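Here the protein sequences line up with chains S and H, keeping their order.
Take the first sequence: its letter number 36 is residue 36 in my numbering, and every next letter is one higher.
Take the second sequence: its letter number 313 is residue 313 in my numbering, and every next letter is one higher.
Hints in this document: simulated from the structure, not taken from any laboratory.
Note that the structure is a prediction, hence the values are computed from the model and not measured.
Every residue gets a Cβ at the ideal spot worked out from N, C-alpha and C, and that includes glycine.
Any given hint might turn out to be false.
[Said to hold, decoys possible] Quick partial rundown of chain H residues pointing at chain S, CB under 8 Å, derived from the structure:
(1) R69
(2) H129
(3) P130
(4) L131
(5) K217
[What the hints assert, rightly or not] Cut-off 27 Å, straight-line C-alpha distance, at most; resulting in silico cross-link-like pairs (DSS-like, lysine-lysine):
(6) S:K13 / S:K78
(7) S:K78 / H:K126
(8) H:K275 / H:K241
(9) H:K260 / H:K275
(10) S:K13 / H:K126
(11) H:K126 / S:K77
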Amino acid sequence: MADIDAVMLDIIKGHAIGLTSGPTRETLITDLGIDSFSIVEIIYEVEEKLSIEVPFNANENPLGNMKTVGDLIDAVKKLAGKE
Amino acid sequence: MARRVVVTGLGGVCATGANVAEFWANAKAAHCGISRRTLTAEEYSLTLPIAPIDGFEARIEGLGRDIMRADRFSQLAIAAADEAIADSGIKFGDGLGARTAAIIGTGIGGQTTIEQGYVGMMRHGKRPHPLSILKFIPNAPASWMSIRYGLKGPAFAISSACASGAHAIGVAADFIRNGGADAALAGASEAIMTYGALETWKAMHILSDELCRPFSKNRKGLVIGEGASVLVLEEYEAAKKRGAKIYAELAGFGMNADGKDMINPAVEGAAGAMKLALSTVGAVDPAAVYINAHGTGTLLNDPTETKAIRETFGADADKLVVSSTKSMHGHLLGAAGGIEAIAAIKALEEGVIPPTIHYDEPDPACDLDYCPNAARDRRIDLALSNSFAFGGLNAVLAFKRVH
Numbered sequence: 001m002a003d004i005d006a007v008m009l010d011i012i013k014g015h016a017i018g019l020t021s022g023p024t025r026e027t028l029i030t031d032l033g034i035d036s037f038s039i040v041e042i043i044y045e046v047e048e049k050l051s052i053e054v055p056f057n058a059n060e061n062p063l064g065n066m067k068t069v070g071d072l073i074d075a076v077k078k079l080a081g082k083e
Numbered sequence: 001m002a003r004r005v006v007v008t009g010l011g012g013v014c015a016t017g018a019n020v021a022e023f024w025a026n027a028k029a030a031h032c033g034i035s036r037r038t039l040t041a042e043e044y045s046l047t048l049p050i051a052p053i054d055g056f057e058a059r060i061e062g063l064g065r066d067i068m069r070a071d072r073f074s075q076l077a078i079a080a081a082d083e084a085i086a087d088s089g090i091k092f093g094d095g096l097g098a099r100t101a102a103i104i105g106t107g108i109g110g111q112t113t114i115e116q117g118y119v120g121m122m123r124h125g126k127r128p129h130p131l132s133i134l135k136f137i138p139n140a141p142a143s144w145m146s147i148r149y150g151l152k153g154p155a156f157a158i159s160s161a162c163a164s165g166a167h168a169i170g171v172a173a174d175f176i177r178n179g180g181a182d183a184a185l186a187g188a189s190e191a192i193m194t195y196g197a198l199e200t201w202k203a204m205h206i207l208s209d210e211l212c213r214p215f216s217k218n219r220k221g222l223v224i225g226e227g228a229s230v231l232v233l234e235e236y237e238a239a240k241k242r243g244a245k246i247y248a249e250l251a252g253f254g255m256n257a258d259g260k261d262m263i264n265p266a267v268e269g270a271a272g273a274m275k276l277a278l279s280t281v282g283a284v285d286p287a288a289v290y291i292n293a294h295g296t297g298t299l300l301n302d303p304t305e306t307k308a309i310r311e312t313f314g315a316d317a318d319k320l321v322v323s324s325t326k327s328m329h330g331h332l333l334g335a336a337g338g339i340e341a342i343a344a345i346k347a348l349e350e351g352v353i354p355p356t357i358h359y360d361e362p363d364p365a366c367d368l369d370y371c372p373n374a375a376r377d378r379r380i381d382l383a384l385s386n387s388f389a390f391g392g393l394n395a396v397l398a399f400k401r402v403h
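Next comes chain S alone, as it looks inside the complex:
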């Protein structure tokens, strides 16, 4: 699902102040420089742009054990029922 990849990379790029260039699937989430505010905003944008609902609790780290941007994209694809 290339479109979800593109949408996700674009959303993450808007929040990844830790990066000097655009994120890729291989980029580590810890390198993005995102804070608790950004995580909530990213999820909101994902929900708006992909018309899906992401179940999460703002007091928990919704990224769980994900390590790379690719892990995050795959999780979103699963929610979107496209994988």
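Go by the hints and put chain H onto chain S.
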């Protein structure tokens, strides 16, 4: 003996100044920040005189990413706090941060966020932004300050409508006085320049449809302004020890409630709060007293406040000078007591009384010296800042020069 509390830093922003230096220069120059503007929300619009801050948007990015995502009332507060901290030279390392309070008043909170969220939700079926709550909660400025500067002492918002700022400063000083903190950022912020908020204020039939003319017989009501101010308060001995510039001592604080009426002010309440504030300042020459009045320019406030000043000072009321700087910067509502405390402190520091502008018709019911239309040089030993809120809540700050 109780600890003494001094002011060592000032920061502020409102229609008549992007910072304290500009605000004070404009106050002395009798500059008016009020103009007729149109506020819109989709197909609705309202045109009325207000005192908005122009050009603040250009400063927001410089406040950093966190604050870019905050509501305007937090952004104004942080701009004021950055200025006050730089002005005071205070450093929060070496454990002082753990002993520093952040107490910031607001009448409403994040009005812009609330209104935009509701319009989107109810008119366009748009889901609210998930961070809306964190943007509009009244304690957001205090929380951002605690995070930004590493302050871990008492931190919260105070809300008492138009007395919020004075209450915040007075309560913060009490914490220091009683040992609950060694320093504080204290002040207030208000930013409600939205169509919905102003239409709601208009419904109360208390807004002027032209200028704000406190104590003048042709006064028509108040004019809404916006802004924030922050004072750095410190325990006197500690401030002296670090060689801080000391603007003034917060020598008195009086607060009470009328217990009478939500709209109409009471002479006894206002006078009672002034007397409480004066009870700890000691002897003072009445000719060297300046009162920065609540002076809203409404039909009822101004004569009531005049009577309260007469009841408090007796015959000495004719020797002191009163002025309302709201005639220039408008009514900052919850933030009024903060910016006006700065006006009082600068007046004390420089020996210049800022004027009540647009004063052109004496009112027999307002018969004090209101320093009309032009600033006046005068030795000031004691400066009071009055704040009297809707709901009958009164707070008076008394600043004295430190000898």
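Hint by hint, where does the structure go against what was stated? Just the numbers, ascending. 5 and 8
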